[in-house]
Each structure stands twice: as structure tokens, then as C-alpha cells.
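With the hints as constraints, model all of the structure from the sequences given.
In case you want the letters, here they are:
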Amino acid sequence: MNEVTSGNLLFKYRVLIILLLIIIFFSVFSDNFRTIENLLNILLQISINGIIALGLTLVLLTGEIDISFGAVVALCGAISVGFQIHNTFLGILISLLVGMFIGFINGFLVTKCKINSFIVTFGMMTIIRGVVLMYTGGRPISGVDARYTYIAESTFLKIPTPFWIFFILLIVAYFFLSQTNFGRSMYAIGGNSEVAKLSGINVIGIKLLVFIISGFMAALSGIILSSRLNTGSPAFGESMLLPVIAAVVLGGTSLAGGVGGVFQTFIGVLILGILANGFNLLNVYSYLQTLFMGIILVIVVITDALSSDARARRSIEKRVFK
Amino acid sequence: MQVKNSFTKNSPSKFRKLNINRVIRQQGILIFLIVLVIIISFISSDFITKDNIINLLKQISILSIVICGMTFCLVGGNFDLSVGSIISLSGFIAVSLLSKNMLLGIVAAIIAGAIVGLVNGLIIGKLKANAILVTIGTMSIVQAILLLLSKGSYVQVPYEHPYRIIGTGFVYGIPVPVIICAIIIIISYVLLHHTTTGRRIFAVGTNRVVSKFSGINNTWITVFTFIISGVLAAIAGIILASRVTSATPKAGVGYEFDAIAAAVLGGVSLFGGSGNVLKAVTGALIIGIIANSMLLIGIPFQINLIIKGLIIIGVVGLDNYFRGRQI
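So the protein sequences, as listed, match chains D and Z. Numbered according to my numbering, the first sequence spans residues 1295 to 1616. Numbered according to my numbering, the second sequence spans residues 3 to 329.
Worth flagging that the hints you see were computed from the coordinates, not collected in a lab. Treat each hint with caution, since some may be false.
[Stated by the list, open to error] Only pairs whose alpha carbons sit at most 27 Å apart, straight line, appear in this in silico BS3-like list of lysine-lysine: (1) K153/Z with K102/Z; (2) K281/Z with K1406/D; (3) K1408/D with K214/Z.
Here you go:
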């Protein structure tokens, strides 16, 4: 089964190949695309969705789902902007804690009360949207501390700080998943929760942790988003839900749990980010962008299904007929 | 549910005496609905009035129609996230063709819904692609096509046009959308729970491999569930456009998650193979009653959202508690 054929290689690196094709396409057709400034711009643009996608990847790996992140982004962005009149750092800290607390509640309801995670996080999303509207009064709120924009605007070694944050979290998450017992346990839980439990893995604890991490990531992303204009808006995160889920699943993380990883998610986030950036540079109308995004998504899913289907058939044929 | 019932029918447990726990376990959602109605009718005297009940049924009829279709998809083991965009599309097609021919517009709208469903079903059923991603993809495509067609603006139903009857008319004091909704619920119920095709949908949703080896055409069943979901979403879109007397390219945004939430509230499994049309509609009724009663009691929108979220989590939590297992 481990033989290396060109077909297997193509299958293994299919998402990377798509990424390369997209990069080549835009490099050929847009002069502005292949500049260093634009590259840095892309890195800044993907960081916000990317950080959430990391958290979501971990949740999906354990076989659960978290769709409350859009609302958490709005709430935590608003809180950290709103607290600037008292203390900016305190505001950031509080909004991170709020994100983790929401994650904890989600995790508690999923693990202890055994409520379906889709329902829990859908309910939580609705609740938080209500809270955000109460907190902001339904209007965008502006910050008073100009230093706050530093989070998103500053650069380190010419690379935007948000991307550094995203990159460090990516490396940490990768290490966490591949090198620690915790990480392996996540795959085990996603693969088969019952077996994992019987093997002595603390299923409840790990799922709880994963939801807390997801809440933290959403809060962090909300802080970065609000820092770009020093504004917190109740509408933040409303259109984030589907792109983030699409990026994660595009990367190859299964919604059924147990399959995937954070680097795959990084590729998925890159593909969607570069598509959006490239289309903007080519002056494609936004509805045409949506159209192309949809078509590309469907094509990717189809090729993915075709290749995995063919692979599965081959392996079954091998087992049955040989 | 159907599959499980046919197993328990012959088992001795059926002859055990009827105890209250079992009733709660099986009809938890219905009991919650009754309790909710009783509580709200105590708080607000306007709740149990003929006008309000008719109003309430009118409000939930559109969502209920979408839920019936969604139940088919969920039972078959798939999601359909494209229903929101189908609602916008069908409403837009129906209203823009009004100047030519009303019937033509309605038929074209339903066909459009069926085509989107067919494409979804073929890609998902034939190629075994991930349903969530495919339907997110078709959702964006449909939305983009709609924006291209409409150029971002809305179309209005002419004043006193017969098309308005679909959403705002009455027959013997009952609103037309409620009648359409009731007919669709009955047809869906019979189709899913009392026909061979319905049983096959359950089989495919429970275990694809087994259903395939039992001689069921998985692809056709999947295509069928998506066409149903598309057609019902299209009908919902036609009614919605008629009720608000205009069609906008964003009319259906958000319906997909409301529909899934209501269906799961009604005990439909997200992993396929289990669910009941009537219980799914009960889920819609609960969400509708919450929204309606909040308005009657005069609770502001923000708090309305918070309470809605709490009740959604609470109902499923209580249901789990009484059933003693996860859905």
C-alpha cells in the first residue's frame, strides 16, 4: 500500500498543486500580484481568518464543530475597543478571557451535557449576537487609544505582526498536534471517541481544551480585526462563517473528525486568501468573485472526491481480488 | 426513527407497562412545546387568540417548508446549505417573470430550484463529494448569478396582482401559505415515512455501504433528496417574495442555518439515518413561538436573540437528559 506512484503523489499534494496553479495564474495575468508589497498584504489579509481556522481545525479534529466564532470575533473586538477608555491592555486581556470563557461554556455543554456541538455553538452564536448588540447599542464603536492600531499596523522584519502571530500559533499548533500526547489523543478522539475513551484518553478534558482554544483564537482574531480601524462593529464576523469552514475543509480536514492538520488548513487559507486578493487586483466585480470562488470550490471538491474515490476503489480491488 | 421502530415492534420491551419516563423520552419535544405554550399564554393574554395563532402559523410556514426539504437531506446523511440562495433565486425569478405570465414564473422558479438540487445531488451522490463544501460552492454560484441577473436591486410585485394571494391571501379564514405548508408537510411525511423510497433514504443515511449491497441505488436516492430540498426551498422563496411583495437578491440569507437548527431541535440527526418530518416541524413551531411571543411581550430584539439561543440549547439539553443519550 505504501508504493509511491505518480498518482499517489498527485493525490497527496493535490491542494498544494492547486495553490501553485492559482499563484502561477495570477502572476501571469497581474503585474501587481507578484510584488513584495502585495505578498505582505496577502499575509496580513489571511491572518485574521487563518487564526480562527487554526482553532476550528482542532475542534474538527476531535469530531466536533464550532460555528460561534463569527459572533465571538464581534464581541471580543467590541470589548477590547470599548475598554480603551479604562485601560487598553486590560481590555485586550478581558476580551481574550471572554473568548476563552465562551469556549469553555461551549465545551462544557458539549462534553458534560452531551448536547450536539452544532446546536450548542449555533445557540451560543445567537446569544452572543444579542449580547454584542446590547454592548454596542447596534452601532460601530470607535477606540480612543491610537496605540491600539499598532497590533495590526506594525511590522517585524517587514512582515506584518498579525502574520507573525498567526505563524507562531501555526507552529505551536503543529508541534502540539504531532509531538505531544495531547495532539495524538485529538486524532484518536476524532477517529473513534468510544475507543479513545476506553484506551484511557481523557476525552472530556481534551474536548473542553479544544473549545477553549477555539474561543481564544476567535477572540485574538477579533482583536486584530478591530485594531485595523480601531473600531468594533456588531457586524464583524458575519460573513466569516463559510469562508473559514471552507478554508479548513479545503485543506483536507474532515468534518467527521480524526483526519487533517494545521498545515493543510494553512494551505486552504492561503488558497482562498490569494484568490480574493488576485481577483481584486484583476478588478473582477465582487459578484463575479463569488461566482469564481464557488466554481473553484466545487471543482476542488470534485477532483478531491474523484481522486479519493479512485484510490479507495483501487485499495478495495486490491484487497478483494488479489 | 422508522428503522428503529420496526426493530422494537417485535421486541418484548413493547409489552412493558406505559411509564411516564418513556413518554417523555419519546415525545420530549412535544411536551416542551405544550409547556412553552402554557407558560406564554399565562404571561401574555394576546397569545392564545385566533388572530395571533393565524399570524404565528403564517410566520413559520415558510421556514417549515424549507425544513421539510432539509429533513430529507439530513436523513439521507447530507447537508444542504444552498437553500438560502435557492429561496432568493426562486423569488426573484417568479417576480421578474410576473409581467409575462405568473404561472410561467412560478414553474420556472420551481424548475430552477430543482436544477440546483439536481446539480448538488449529482456532484454529491455520483462523485461522493463533501456535501457541505459542494453546497457552499453552489450557494456562492447561485448568489453570484442572482446578483448578475438583478444587478443588486430588487423587483416589486405590482399592486393588486394575483401573485400576492400566494403569500397574503386567505381561504376560509386560513392563510394560503399555511395551507400550502400543510399540504407539503403531509406529502413529505407520507413520502419519507410511508413509502419504499423513504425507507431507502433512511437506509442510505444510516449506512451507505450496507444500503449499496442491499441493492439500493445510493446515487439516485441522494439526487432525489437534494431535488426535494431544492424544490421545497424554491416554493418557500415564491411564498416569501409574495408575502413581502418584492424579491431581493439577499432574501433567503440565513435560512439554511435556521432550518438546520430547527430540524435538529426537532430531533433530526446531523449524521443521517434518523429523523421525523413532523418532529422537525415541531422544532420550527418552537422557534416561531419564541419569536412571536417575544414580540407580544415586548422584549427588545437583542434580548430576544439571547433567549432564543438559550432555549435552543436548553431544549436539546433537556431532550438529551430525558433520553439519556446524545442525538
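To see whether the hints hold, each was checked on the structure:
1. K153/Z with K102/Z: holds (20 Å)
2. K281/Z with K1406/D: It holds: about 25 Å lies between the C-alpha atoms, which stays within 27 Å.
3. K1408/D with K214/Z: Not satisfied, since the Cα-Cα distance of roughly 32 Å exceeds 27 Å.
In summary, the structure is inconsistent with hint 3 from the numbered list given earlier, while agreeing with all the others.
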